[in-house]
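Quick mapping for you: the protein sequence lines, in order, are chains A and B.
Counting from 3, one number per residue, gives the positions in the first sequence under my numbering.
Counting from 3, one number per residue, gives the positions in the second sequence under my numbering.
Any given hint could be a false lead.
Chain copies aren't distinguished; within one or between two, either way the pair holds.
[Unchecked claim] Straight-line Cα separation of at most 30 Å, DSSO-like style, residue types lysine-lysine; simulated pairs: (1) 95 with 34; (2) 10 with 84; (3) 34 with 187; (4) 34 with 84; (5) 34 with 222; (6) 84 with 50; (7) 50 with 34; (8) 95 with 187; (9) 34 with 10; (10) 84 with 95; (11) 191 with 95; (12) 95 with 222; (13) 95 with 10; (14) 191 with 84.
Calculated directly from the structure, the hints in this document are not laboratory data.
In this text, all values refer to a predicted model and were calculated from it rather than measured experimentally.
2 protein chains.
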Amino acid sequence: MLIYDSDKRERETDLVIPSQFVTPAAIRRMRKDGGGLICTTVPARAWKLLGIPYLSDLFHEARDSHPLLAELIPNDIPYDTKSAFALTINHRKTFTGVTDRDRALTVSSFAGMVREAVESESGEEILRQTFGQLFRAPGHVTLLNASEGLLSKRSGHTEMATALVTLAGLIPSATICEMMGDDGKALRKSDAAEYARTNGLVFIEGAAIKSYWETRTGEKAMPDVRRAGVCANGR
Amino acid sequence: MLIYDSDKRERETDLVIPSQFVTPAAIRRMRKDGGGLICTTVPARAWKLLGIPYLSDLFHEARDSHPLLAELIPNDIPYDTKSAFALTINHRKTFTGVTDRDRALTVSSFAGMVREAVESESGEEILRQTFGQLFRAPGHVTLLNASEGLLSKRSGHTEMATALVTLAGLIPSATICEMMGDDGKALRKSDAAEYARTNGLVFIEGAAIKSYWETRTGEKAMPDVRRAGVCANGR
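Please work from the sequences and hints to get the whole structure.
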C-alpha cells in the first residue's frame, strides 16, 4: 500500500506494509523502490508499556552532560512540531542487522512484541525484559512512536499507517519507507500513483484516511498545517 | 570506491565517498545500488571537540530514567564490541531531510563542519554553536564516530573509510553505505568486485587498507576477530 500525506504537509508518498507481514522481499522492495529510511511504527500503548523513548526526548534530557544536544534542538521542522523518531533496534539473532533478512527478522519479531504489549496482561517489567532478550539498541531499524490518539493528535505517515493497520484488525504496527524520485526530490505524487497501478498496490491519500478514520472512531482528525516559520519546539 | 572489510568480520562491501564530494547523485547511487544505511563518519578529533556522543553511550547514561535501555544493551554484537552509531542529523535548511538533495546538503555541509573542527582554533563552545546553527537532531543522516587511533583501535568500515580520506589529504570524513544482495544477504564479494569493474570504481579490501595504513603511519592495525560467543559490552 502507498500513502501520500498531503499537499499541505511533507508532500511525500510512503510504501507501507503491516509489520507482521514484513519479509526480506518486502525490505528489498522498500530499499530499491522506496529509497528512504525503513522505519517501524509503535502504537502509543506499546511504547508506553515498553518504555520506548522518543529520540528527541533522550537528546533533550542529556543536554546537561552533552551540551551539543542543546544546540541541535529541532525547533524548526518545516511541517511539524516533533519528529516520531524513537530508538533504533536489531534483533539479537541478526548478524550485521542491515541485510534484508536481518531487517525482516527485526521487524516481524518486533510486531510480535507489539502484540504482546497491547494484548497481554504482563506487567511492564516482564515486557521490558522480553524486549531486551530479543533486541539490542542501537540497531538498523528505526522505531517511530505514534502519537497517542493517532490522527486526532498528528497526521504524519506514522499515525496514518498505524491507524490503517489498527482499523484493519492487524497488529497495530506498520513498516514504512519514503519513496524518492530520480530528480533529487521526493517521488512525485503522479509517479507514485503510477507505481501503485503498475505493481497492483493501493494508493491512498491522507484526506481519505482521515475521513475513514473519523467515520470509524467518531473523532476529529488533526488538520495539516504547514508551518510558516520557525516556532518553539512542540514538546 | 568500494571497501570490503574482511572474511573474518562483517564480510560486507560498502560504497564509500569522501563526504566533501557528496552530491544528490551520490546519495541516489548509494540508496539504489547500496541499499543499506547512508552514514557519515566523524574523525575522533571532530567528535571530541564538537561533543558528538555515541548513541550507545547516550542509551547507557539514560538507563535509570528509561529502564528499557538497560535491557537493550548491545553486549552480543557478533563481530565487534561496540557500534559506531552516533547522532542522526539534518541540515536546518532541509525540508523532510530524506530526499537525495536534502541528505547531500546535510552531508556536504557536515564535511565543512568537520574541516572547521579539525583545522580551526575556535573553542569548543563556538564550534558547538556553529554546529547547532546549521543542524538539528534527530535527523535522516546517521553519524558514525570513528575510533581514536583509527585502524590501531578498530577495523570497521567507519575507520577504514576515514583512514583512506585522511591519508588522501581530504577532509577526514567519508560517507558510506552497505551493499545488499538480492538474496536477502550482503552483496557477495565477487558481485561487489564486478560492480566496481562495470562502474569504473576501485574495489579495495580491508587487508590492503591496513597494510597501506601501517606503512604510512608506522602503527600496527587491529586484527579482525570474529567473536566466538557473547561477551561483555566493550564500552
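Cross-check of the supplied hints:
1. Taking the shortest Cα distances, residue 95 and residue 34 sit within 30 Å of each other both inside one copy (24 Å) and across copies (26 Å).
2. In this assembly of identical chains, residue 10 and residue 84 lie within 30 Å of each other by CA distance solely inside one copy; the values are 17 Å within and 42 Å between copies.
3. In this assembly of identical chains, residue 34 and residue 187 lie within 30 Å of each other by CA distance both inside one copy and across copies; the values are 16 Å within and 14 Å between.
4. In this assembly of identical chains, residue 34 and residue 84 lie within 30 Å of each other by CA distance both inside one copy and across copies; the values are 28 Å within and 29 Å between.
5. When the C-alpha separation of residue 34 and residue 222 is checked against a cutoff of 30 Å, the pair qualifies neither within a copy, at 36 Å, nor between copies, at 39 Å.
6. In this assembly of identical chains, the alpha carbons of residue 84 and residue 50 lie at most 30 Å apart whether taken from the same copy (17 Å) or from different copies (28 Å).
7. Taking the shortest alpha-carbon separations for residue 50 and residue 34, neither the intra-copy value of 33 Å nor the inter-copy value of 36 Å comes in at or below 30 Å.
8. Proximity of residue 95 to residue 187 under the C-alpha cut-off of 30 Å is restricted to the inter-copy arrangement: shortest distance 14 Å between copies versus 36 Å within a copy.
9. In this assembly of identical chains, the alpha carbons of residue 34 and residue 10 lie at most 30 Å apart whether taken from the same copy (27 Å) or from different copies (28 Å).
10. When the C-alpha separation of residue 84 and residue 95 is checked against a cutoff of 30 Å, the pair qualifies only between copies, where the shortest distance is 16 Å, while the shortest distance within a copy is 32 Å.
11. Taking the closest pair of Cα atoms, residue 191 and residue 95 come within 30 Å of each other only across two copies (23 Å); inside a single copy the shortest separation is 38 Å, beyond that limit.
12. In this homomeric assembly, residue 95 and residue 222 never come within 30 Å of each other (Cα to Cα): the closest approach is 42 Å inside a single copy and 32 Å across copies.
13. Proximity of residue 95 and residue 10 under a CA criterion of 30 Å is satisfied inter-copy only: 18 Å between copies versus 41 Å inside one chain copy.
14. Only within a single protomer do residue 191 and residue 84 lie at most 30 Å apart by alpha-carbon distance; the minimum there is 24 Å, versus 41 Å between protomers.
Checked against the numbered hints given earlier, this structure breaks hints 5, 7, 12; the rest are met.
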